[in-house]
Amino acid sequence: MAQHYTTRFGSLERYDKGGVEVVNDDARNYVFSNLFEVASRAKPYEKVAVGKNIDYVIEAIRAEGISGWRAPAHDEFALVMDGEVEIRLLKLDNPGLVSPGTKGSVALAGTPAGRKMGVVRARRGHMTLLPVGAAYQFDAPRPGVILLQTMAGADTVERWGDICQTTPRRNAR
Amino acid sequence: MSKTTDAVPEIGSIEPNQHGYRSFTLGAFRFDRDEYFTHVAWPKGHHMLPVDAFLRALQRDIAWGFFYGIVNFDAVIGTMNHYGSVDLFAGRFNDHYRRAGLDHSERFTTPLIQRVFEAMLDDWTNAGFDPFASPQETGSAFGPKHGSNKEAITRHRVTAKRMIAAPGDEPLRTDDNGFPVNRHFHDVPQDKPDVRAEPGFEDEVVAFNLFAYLSRSDVTWNPSIVSVCKASLYCPTTEEYILPVIHGNDRVEWFVQLSDEIQWEVEDRDTGAVRARVTMKAGDVAAMPADIRHRGFSPKRSMLLVWENASPELPALYASGKMPPTPVQF
Ligand SMILES: [Fe+2]
Chain L
455 MAQHYTTRFG SLERYDKGGV EVVNDDARNY VFSNLFEVAS RAKPYEKVAV
505 GKNIDYVIEA IRAEGISGWR APAHDEFALV MDGEVEIRLL KLDNPGLVSP
555 GTKGSVALAG TPAGRKMGVV RARRGHMTLL PVGAAYQFDA PRPGVILLQT
605 MAGADTVERW GDICQTTPRR NAR
Chain B
11 MSKTTDAVPE IGSIEPNQHG YRSFTLGAFR FDRDEYFTHV AWPKGHHMLP
61 VDAFLRALQR DIAWGFFYGI VNFDAVIGTM NHYGSVDLFA GRFNDHYRRA
111 GLDHSERFTT PLIQRVFEAM LDDWTNAGFD PFASPQETGS AFGPKHGSNK
161 EAITRHRVTA KRMIAAPGDE PLRTDDNGFP VNRHFHDVPQ DKPDVRAEPG
211 FEDEVVAFNL FAYLSRSDVT WNPSIVSVCK ASLYCPTTEE YILPVIHGND
261 RVEWFVQLSD EIQWEVEDRD TGAVRARVTM KAGDVAAMPA DIRHRGFSPK
311 RSMLLVWENA SPELPALYAS GKMPPTPVQF
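In order, the protein sequence lines correspond to chains L and B.
Each residue of the first sequence is one higher than the one before, counting from 455 in our numbering.
Each residue of the second sequence is one higher than the one before, counting from 11 in our numbering.
With the rest of the complex left out, here is chain B (with noise of 0.2 Å):
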């Protein structure tokens, strides 16, 4: 790539296809769908991945703001977050692609990206299917084009500035603004801490209950902000079924494992070779190191504190090398 594309181009084809969905280019890019697949093709070459897994990793991809590091929508197709610019590309990280000289990756301005991949999630998400919800607790993507689901695919991103409940933060969760507990936490307690304030400090004596908080979230793999320590973020999720994209790392993250049971497929980050598999209950905590890519598989609904360090000099330090890409050494 040589230069960052920002021209906004016509977002879609005017007319859609005959199975009702319009089709959407970026720089050399094109992706389209019909009753089950998403096809995507680029000068060396074209894809196919299943609609429901492809809209499921489009939708976090958006929802995160590209996140940190790199979103493979699977072993091919994927973005890499330069925080401001965004590259999508095909084969990159994939070994044999990359050897065989077919990858292809452009780079295009996070606005521009957005929108498309915007558009492209609201055009191709049908009435009935929520991407963000377990495979059970949703309808099916397939099909040919059915209305649509606004409401699912523009949830509000909770990013607590402090810490949820804090005084002018992020809210809590309540069946009265919208979120019952889910089917697989109704036994997790819902009781309040007992906070007790002296006048005039009611603003910095607070508490909530966080695994309650969690047990009401109506999303699953959507690592949201609860805490901040500085750099130092709090992204705890719930995890149902497979997480929709394997993540690279451009930094180590870390996972603290809050309930249930997670396991996780570690590959090299650039290559894709299989690296380790880890299995998390809880309590558990590891660090998924800065070279590596992951997928997580949760059989149960489960509740996985994702905690980043979110200091912008971090993916320069790691590419370098002058930060090894294990968090210690032993």
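So that you can see chain L by itself, here it is in the shape it has in the complex (with noise of 0.2 Å):
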């Protein structure tokens, strides 16, 4: 008899939880959160890291609106964890625009001068690539989840207190 599997994701809406039981540890070293609950807390197009390694980190993004146009440093890669998104490319005119040994992304004054590359709307497990040399837009007309994959720059907000597990039993408060 074939059996029914139900493969569970999350989203803003829905999510469990689960956690840290600490043995003999402290449950911070474990940096332990819920990227759907950081984002369903976050302004839209915040970027919350919820992951870091040295100068890399990833960031969940709450995607509500259209967001203002960045450049990155170099490539990034966007995956819609919830929602739909549509992502703007631009081809920079002026690459001068992000100075040399920037990480992460910068923020761009109003629409940038630059080539249209082409649009992509992305749903729940899809991954695009937001390449050096070109800027980029989100719009999410109803609010969704963006994780990226970058460099921890400027606009990285990191408040590992308020969003990771502190205690040694999960479901503490």
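Treat the hints with care, as some may be off.
Stated by the list, open to error - Each computed DSS-like pair below joins lysine-lysine, with the alpha-carbon atoms no more than 30 Å apart:
#1 B/K240 - L/K545
#2 L/K557 - B/K240
#3 L/K557 - B/K332
#4 L/K545 - B/K202
#5 B/K291 - L/K471
#6 B/K291 - L/K497
#7 B/K171 - L/K545
#8 L/K471 - B/K310
#9 B/K310 - B/K160
#10 L/K497 - B/K202
#11 L/K497 - B/K240
#12 L/K570 - B/K202
#13 B/K171 - L/K557
#14 L/K497 - L/K570
#15 B/K240 - B/K202
#16 L/K570 - B/K171
#17 L/K570 - L/K545
#18 B/K202 - B/K291
Rather than coming from a laboratory, the hints here were simulated on the basis of the structure.
Since each chain sits alone in its own frame, please combine them into the complex, following the hints.
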């Protein structure tokens, strides 16, 4: 008899959370958070780090409405975890808008000058390349969540004490 | 250990034993198998592992190029990667063996230990047993030698240079290229992102369905690179049953649970003392510190994003104490 399986993904509306149960440790060592919870409490397009490995971060981004344009200093990757996001790409006329040595991405004022590269409409599970040399803008009619693979930059928000488990039991508050 | 052995030995005994399997030596280590067990012997001790678990661990160790840090096959046997050479050890990361002075470790050049491990995996894997598959999806590893399964043990290792599906990079998985949706993932949407590239920008406007890609993985517990931001590597994998190794970190790694649930047993890397249990559900994010070892348990096939920092200088920074073992302090 064929068994039926249900795959459980999370969303802003509905997520379960696990946690750390300490035997002999400090729960903070695991920097444990839930990216849907983080995004549910974030402002639109706030770049909240949920993981950090020296220079590198993964950011949970609440996608809601139209974002400002940003230009990455290196390839970045946007994975839609919930909702639907239109991603617009522009080839910058002036790549010098991103100064050499920049990490992560920089915010651009208004719409930068450049040629339209194209548009990606991405839904849950879809990963989009945000290529170096381009600028990008997100547009999400309804709230969604993007997990961004990048480097820690000027606009990366770190608030670990607010988002992470600090108690030795996961159900303790 | 004093020197790194790179002399090419005769790989495996010529004559198979009574069960049909060849025996293998690496330095002072000797490996034999019978119908149920792998027997490992070294000058100060010997040890037995169930052969199915041993082959699953051996398969990962080979496929991952000995991975980051320590690959414990169980609480006694394992390898430690020095990126160019590899330690094979017994009891090295077991407090009791260490205190009793019964541990043993020898260093080999990577090509040498790789050749011997590959020959052992090839000789000891019977027809119908796939060490990469979940237990429900494969046959038995046990019994006297019968046939082989070369196709299963020499799979292509996915290592995207930029991103899966980018021009010239690793391809998508489809029914047609031999990757049907796994039985646990029939409900995972297979839709594609809408990609509209302007003329001339087709190579840079690229997107793919990662969850659909993972739903078509034919292996378990095999982190494979799908996107590359300098030294930041996304290495997602699909998990079912038990991680066949206990991974000891030589740097911090991160997990993002993409679907379903995995529980992790976390122990001190050097002694094996239990430190914590970490339960991860979809959307949960957690770090594995640089001084621990961990083993995951996944009741249903799940999608796990393993996130690595491949910077080559990291093991020395952590080992020297210049870098704290946890990634952020708060
Ligand atoms: Fe690991």
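Right, here's what the structure says about each hint:
{"no.": "1", "hint": "B/K240 - L/K545", "verdict": "holds (21 Å)"}
{"no.": "2", "hint": "L/K557 - B/K240", "verdict": "holds (11 Å)"}
{"no.": "3", "hint": "L/K557 - B/K332", "verdict": "holds (23 Å)"}
{"no.": "4", "hint": "L/K545 - B/K202", "verdict": "holds (24 Å)"}
{"no.": "5", "hint": "B/K291 - L/K471", "verdict": "holds (6 Å)"}
{"no.": "6", "hint": "B/K291 - L/K497", "verdict": "holds (24 Å)"}
{"no.": "7", "hint": "B/K171 - L/K545", "verdict": "holds (22 Å)"}
{"no.": "8", "hint": "L/K471 - B/K310", "verdict": "holds (17 Å)"}
{"no.": "9", "hint": "B/K310 - B/K160", "verdict": "holds (27 Å)"}
{"no.": "10", "hint": "L/K497 - B/K202", "verdict": "holds (28 Å)"}
{"no.": "11", "hint": "L/K497 - B/K240", "verdict": "holds (28 Å)"}
{"no.": "12", "hint": "L/K570 - B/K202", "verdict": "holds (22 Å)"}
{"no.": "13", "hint": "B/K171 - L/K557", "verdict": "holds (20 Å)"}
{"no.": "14", "hint": "L/K497 - L/K570", "verdict": "holds (28 Å)"}
{"no.": "15", "hint": "B/K240 - B/K202", "verdict": "holds (26 Å)"}
{"no.": "16", "hint": "L/K570 - B/K171", "verdict": "holds (25 Å)"}
{"no.": "17", "hint": "L/K570 - L/K545", "verdict": "holds (6 Å)"}
{"no.": "18", "hint": "B/K202 - B/K291", "verdict": "holds (25 Å)"}
The structure shown violates none of the earlier numbered hints.
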